[in-house]
Amino acid sequence: IAKLADQNSPIDVVTLAEQLDKEGQTSQVGGLGYLGELAKNTPSVANIKAYAQIVRQRATLRQLIGISTEIADSAFNPEGRTAEE
10 IAKLADQNSP
20 IDVVTLAEQL
30 DKEGQTSQVG
40 GLGYLGELAK
50 NTPSVANIKA
60 YAQIVRQRAT
70 LRQLIGISTE
80 IADSAFNPEG
90 RTAEE
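Residue numbering for the sequence shown follows our numbering, starting at 10 and increasing by one per position.
No lab work stands behind these hints, which were simulated from the structure alone.
Any given hint could be a false lead.
[Unchecked claim] With a straight-line cut-off of 30 Å between C-alpha atoms, the simulated BS3-like cross-links for lysine-lysine are: (1) Lys-12 - Lys-31; (2) Lys-49 - Lys-31; (3) Lys-12 - Lys-49.
Model the full structure from these sequences, guided by the hints.
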């Protein structure tokens, strides 16, 4: 993949298989069947909105967890905090 990128070649299962075949490395990476499985199981841009929504939801959950942790910590240590905190 890096060689294809260095050559400014398109990167897909066909060009990758051709490059690996030229170098005699197709069997070392699991063969054409494995490359096909990788291509089949690789996320595509067709679902980018759904992926972005998942990332956004996870980010929101991480923020809520962080805020919840701060609230729990302050409940265990109510003394010693200033009004500004």
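Hint check:
For a cut-off of 30 Å, the pair hint linking Lys-12 to Lys-31 stands: about 12 Å separates their Cα positions. In summary, the hint linking Lys-49 to Lys-31 is supported, as the alpha carbons are separated by about 23 Å, within the 30 Å threshold. Proximity of Lys-12 to Lys-49 is assessed by CA-CA distance (about 22 Å); at most 30 Å being required, the pair is judged to hold.
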